[in-house]
Structures are given as structure tokens and as C-alpha cells.
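Asks: Single-letter residue listing:
2 protein chains.
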Amino acid sequence: MKFDTYFTMNESEAATYASEKLAYLFADDFSLSCKEIGDGNLNYIFKVTDKRSNHSIIIKQSGPVARISDEFKLSPDRNRIEYEILKLQQQFAPGLVPKVYAYDPIMHCTVMDDLSDHQIMRRALMEFQTFPKFAQDISDFMVNTLLLTSDVVLEHKQKKDLVRNFINPQLCEITEDLVYTEPFNDNKNRNDVFELNRSWVSEHIYDSLPLRLETAKLKFEFMNHAQSLIHGDLHTGSIFVRQDSTKVIDPEFAFFGPIGYDVGNVIANLIFSWAHSDAHQQSDHKRWVEETLVATVDLFITKFSSVWDQKVTEVSALTPGFKEYYLSQVMSDSAGVTGLELCRRIIGLAHVKDITSLTGNIRLRAERICLTAAKEFILERGKYCCGLDFLQTFKKAEAAFAREDYV
Amino acid sequence: MKFDTYFTMNESEAATYASEKLAYLFADDFSLSCKEIGDGNLNYIFKVTDKRSNHSIIIKQSGPVARISDEFKLSPDRNRIEYEILKLQQQFAPGLVPKVYAYDPIMHCTVMDDLSDHQIMRRALMEFQTFPKFAQDISDFMVNTLLLTSDVVLEHKQKKDLVRNFINPQLCEITEDLVYTEPFNDNKNRNDVFELNRSWVSEHIYDSLPLRLETAKLKFEFMNHAQSLIHGDLHTGSIFVRQDSTKVIDPEFAFFGPIGYDVGNVIANLIFSWAHSDAHQQSDHKRWVEETLVATVDLFITKFSSVWDQKVTEVSALTPGFKEYYLSQVMSDSAGVTGLELCRRIIGLAHVKDITSLTGNIRLRAERICLTAAKEFILERGKYCCGLDFLQTFKKAEAAFAREDYV
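Residue numbers (my numbering), protein chains in the order written: chain A, 1 to 407; chain B, 1 to 407.
If you are wondering where the hints come from, they were derived from the structure by calculation, not from laboratory data. Treat each hint with caution, since some may be false.
Any copy, or any two copies together, can satisfy a pair, since identical chains are not distinguished.
With a cut-off of at most 20 Å between alpha-carbon atoms, the simulated PhoX-like pairs for lysine-lysine come out as follows [to be verified]:
1. K311 - K217
2. K303 - K323
3. K21 - K2
4. K157 - K188
5. K157 - K217
6. K133 - K286
7. K323 - K217
8. K353 - K35
9. K51 - K35
10. K188 - K396
11. K375 - K396
Work out the full structure: start from the sequences and follow the hints.
Replies: What follows is the structure in C-alpha cells.
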């Protein structure tokens, strides 16, 4: 079979592809089977297994349109971006991304480690599992991939070459629309608001002029601030976990943007898990999420500062007071994005299971807690200095919607 | 003669080049002469004249190293950037840049209108000439080239493609070093401080920690804020003037950076002209410069707001209050850059004739006025809202160094 012209493969074609192109990844006497296991929006994920050795790999192929809606037409070149980013992330944060073996610019696919011995973090958290290494691992991942690709560390010309290489107009447009625009502008074609919260969202979100103004500022910050090579979609569905391991996947939204975009996504998605555990009255898990969230933020800050002290040689960045200024901007951006992600997953087109799996007044309350906290994160984003600051905002929102009033 | 391999031409070779490659720009019976007239740092400027018709054109060729110092090795690809920018600027600000006829990617040269009927603005101002159209023209140029290339106006994907196309690592590095770093870090190899001001500069500039911190913040803003396609070197040596015409040249430093970088360069270089006229007690010219500076800033603000109202359709940018926020950030950046340019031309490697043509205590005083104003522009950059705010800062500095104490 020839793979010299791009087409989207089915399972049997992906198995043929693996046996013809990737034989070197298997033992000599391999016998391959293949299953498409993708549940994301943009790509096809083929798990190819050698039935004899049980060894498996993943072939990730980019389709020409998003699976969620063919309204999003996307260049399959994002697969190149993903491959190159995974190589870079492996270099900056060894062991925290899947190993990649090959990239095929014709078929627009990347071949990487199968992570079937890990779970998708969102699902695992919804089963009230806990992951003791998570705060350590994700803070390592963020500090190393973000600080080390900024121009406080990289030679400036080299950094600009990377900026050019990772300009990502189509994927950024999705974020600009879905995260920064539609949730605050009553987009009737694409927003998807839970029925019991429609009038509340109108009054507290759509009609809030201060909120619209601050989100507009954050949008132009996202579009124009080429700070670091960010992952760009760092929610708990992009993280694979095991008790002893954390792997970040799916960096196809990556580009040079504000560091706080990644940090805020992690925080917001932990808050969704917290709201889910709260709804299910899983107080132990809820407490674990709270502790993990606080630890993630605090470890991020501590490690950021310590890696800065070790790695930064840029003469202006060494000016006394500059590190503290830089980090305070990162924390402000992180808080703003926490609020944006909380809003867009409840109001916008793309939801999260943590919330949509809830029903009736329990979902109503979970959403209102998240949205109330979100407004504070966005409007008062300059005040966040540590993990506890983040915790206090959603604990305060929780107190405002006492459980007994909704059950 | 063959021009199929790059070499830096001499006058006679440039004349041959014109007769072989550019015959279509001259009358049939042309007879060409050529003179190299460059006085910039980076390029060779050949004026090629048809002796019969007296019609002339300019061939601008990029050299492989800067003329000021072969320490700066530069890719001649900057010539492509300059050609493409001139085409874009012609589209956005018709009549305010020289017309370009051809670009040769092998010889790294661009062919354009000869502006010999114009004068270089810096020299003309040093002769106390005035240019009644300047404030109108330069504010038109800045508003149209800057606002219309930002993503409040351009479609976002198109803007990102332009950002990629105009990433300019080498020329940006020159600015980062010469403007943002060395003047504030006592760079003994490259700074060039007037002897009578050495200890004053040490005390008031090098030893000012707040100044170093604020300039570090501005440096990362310059490097990371891909706001608009800026000219990048908009001083009065890059502007050709006639009583009825203004032409901006030399955009080879262009890239997507903060709007305020261009605005601040214009303001600072008007202040140098003001200091020069002050030193020569040319009070009429001094007053004209003051009026022109105030008018330039105020026309920029008025036109920026009016072009915004006509052209902006971006939904988030239309949020009430966002235009005012955006413009206030631009003014703050402009004030900061005004201060940086004032400092770097007095302390750093590359000076301006307005100041270096002065001597003794007169130069001492001119420099102290500029540097004192510069500190206020940088440290209090958030307070500048109109032309008068800028004027007051250097009038206040002037008052602090009363003429009679120095003559």
C-alpha cells in the first residue's frame, strides 16, 4: 500500500501503515491489530498492538476538519507543530511527555508511546482517584517548558526563530473565539448554557460590562504577548496519569503566548474536579483537590523562582526586583485565565464532563460557584500571590451558594 | 557584467547594474552616472542619474556588516524586509514613503525614488528650518501604519502571517542592546559619555535602581509585545522633508512590536532638535518645535481615535472602554520610549548631531535637560495623556538647569 498522498486512515489502513513504515518499533515476528481510540475533537488516534508481544504504539493523525464541527477547518500542519513541540518538551521536561518516534509530513501523523497504562486525568478524578505526584510533576512541567522557552533564559535570536516556527494562526483562532470572545458576548449560535442557569448567566456574565472589558484586555494579551512556548490546551483531558507518573499530551495548540495561559488552565480544571467532588459529597477527594491545587500553585512559584536563579543570565532580567515583577504578572495572567476557562467550559461551546455529568439543582449550584469565582479571578486578577489566594476565591463562592439551599 | 552572485557594489558597478537591469526606469538614450551617498550605518546608497534627462533613482544595497562597526554582522535579508515593508507602508500611508520599483534578492538591493529634492529632517532642523506639514504627515503615517497593522483591525490569522514574515532577530538585537540595555548598565566597551557629564550619568542613570528596573520591564515589552508592524527606527534621520512633503525611509528595523516605540522615537528626536535650538538661543525655532511636538502627539491621539472608530470591527475591541484603555497603554509606552531614546543617544554608542555638535557647558546643560526629562518619561510613563504632558516634562527639566548657571 502506498502512503504517498494524504488521506485519513481507517483502522485497517493504520495497521498496514505501521507494518510497512514502523516495523522497526516491533519484534521481528509481529502481528498487528489496530483500534481507533480518539475522543478528542481534532484528530484520529490509532492504537496499534503487536498481538504476540502485546507491545503497542500510538499513531496520531490530523484530520482536515475538527470532529466536533466541520465549521473548524484546520491545516493538518498542526501535526508538525505537535511533533516538534513534543521533541522540545521532552528536552525541557524529560519524562513528562510521551516519547515520539516518527513524524510523517505526507500522512500528517506522529508516532509515539502508547500510554494505555495511564488514565486520562479528568476521568480518573471523576472516579475520585488521587495522584500524589501530580502537583510536583505538573509544576515541574510548567516551570521547565515555560520559563526555559522565554527570553529571560533563551538567547534572544534563537527565541525569535522559535516564535516564527510556532506561529499557529488556526488553532489560536479557536481559542480566541471559544475562550476569549463567545462566552462573554452571548453568542447564540455556539454558546450552550445549562437551561436552569440561562437567566443567571445573562445577568451576571453577559450584562457585566467590567467583565467584558477585562476579558477583552486578556484577549489581546493572549494574542500579542509572545512570552513562552505554551502548551495552549493544558486541561485535565490533556494529562495522562498513573500513581507514579504524569504525561502531558496534545500540544497542538502550542505557540508563543502568555505563561499564565497554561497555569490558569490547570487551576481551572482542578476547580472543575473540586466542584464535581463537592456535588457528589466526596469530602476527602474534595480536600485532596484543594490541597493539590494550593500545592500546584505554590510549587510553581517556588520552582519558578529557583529555576530563575539558576538559569537566568539575561542582564536586564537580573535587575533587582525584575523577577518579582515578572512572576507577579504571570500570577495575574494565571488568575485571569483561570476565570476565563471556568466561564468558557460552562457557557461556551466545549464543556467538561465534571460539570455536564451533574444534573438539576446540583449542576446549577456547581456552575454558579464556578462562575462566581471566575468573575473574581478575572476582575481582581492582580491580587493572586499564592495557592491560598486561589482557594479562598472558590471557597468564598461555595459559601455564597450554601448546599442546603439547592438540594 | 553578471549580477548572479552577491557582492557589495562600488559606484561604477552600481551604474552598470542600473543600465543592465533598470533601463526601463530611464528614457531611451540614457547616460548614467553614479554616486554613493550613504551616511547611515548599515547600507550603501547609490544615486544613479541619467545625465541627459537629470532623472535619478536610488539603489539601496545591504552590506554584510554594519558600517559603524564590523561587530554587527547582519543578514542582508533585511533588504527583503525593507522592500516588503515599503510596499505595505505605501498601501497603508500612501505618499508618505518613497515609491519602490524593484527588489533583487541576489544582490540584496532595492530600487526606489530618489528624494534629493527633500532634505534629511535632522539636518534641516539643525539649520532652524520649519516644516508646517510635519505634524499632520507624521501623525498620519504613524496612525495608519500602526493601527491598521494591529489585530484590532487586521483579521487575526492574516496578522499572524505578517508577524511571522517580519520576525527580525538581528536588527531587534541591535535595538535591545543599544537602546534598552547598555545605556543603563554602564557598558564600558560601547557607551560613549560626554566627559563633562560622566560622573553625573553615573550618579543619576547608572546608579538609579528604579530606572534600571523600569527599563528592564520596557525591554521585555519591546521583545514580546507583537502589537503592530512598527518602523523600528523612526528618528529624524529616517525622515525626508520638504515644505510640502514628508517621506519616511529606512524601515529595515521593522517588526511587530509596540506602537509606542515609533511614537516615542519621533517625540525624543523632536526634543533633541528643541535642545539644539535652545543651545543656539533660537527661540522662534524652539517654539516651533514645541508646538510641533504638542501637535504631533495630539493629532496622533485624535486620528488614532477617529481611525479606530472607522475601521475597528473586532468584537472584543468594540467593548466600551477598550479603545481608551488601548490608547492609554500606547501613550504610556510612547513616554517610556521617549525616555529611552533620549538616554541612549546621549549615553550609548550611537549619538545624534543635534547634541554632539554642541560643546562645553552648553552641551553639558543640553544633555542634563534631556536626561532629567528622560527619567521622568520612563519612571512616570503612566501619566502621559496629551502633547502638553510631554512638553511640561522637558520644560520642567529646562527650568532646573537655568541657562545663566552654565554660560
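Asks: Compare the structure with each hint and give your call.
Replies: The hints, checked one at a time:
1. K311 - K217: Between. Shortest inter-copy distance 19 Å satisfies the 20 Å Cα cut-off; intra-copy 31 Å does not.
2. K303 - K323: Intra 13 Å, inter 38 Å, cutoff 20 Å: intra-copy only.
3. K21 - K2: The answer is within: 10 Å in one copy meets 20 Å, while 48 Å across copies does not.
4. K157 - K188: neither (44 Å within a copy, 24 Å between copies)
5. K157 - K217: between (28 Å within a copy, 19 Å between copies)
6. K133 - K286: within (17 Å within a copy, 68 Å between copies)
7. K323 - K217: between (23 Å within a copy, 10 Å between copies)
8. K353 - K35: neither (24 Å within a copy, 73 Å between copies)
9. K51 - K35: within (12 Å within a copy, 78 Å between copies)
10. K188 - K396: neither (31 Å within a copy, 55 Å between copies)
11. K375 - K396: Cα proximity of K375 and K396: one copy only (12 Å, versus 44 Å across).
When each numbered hint is compared with the structure, violations occur for hints 4, 8 and 10.
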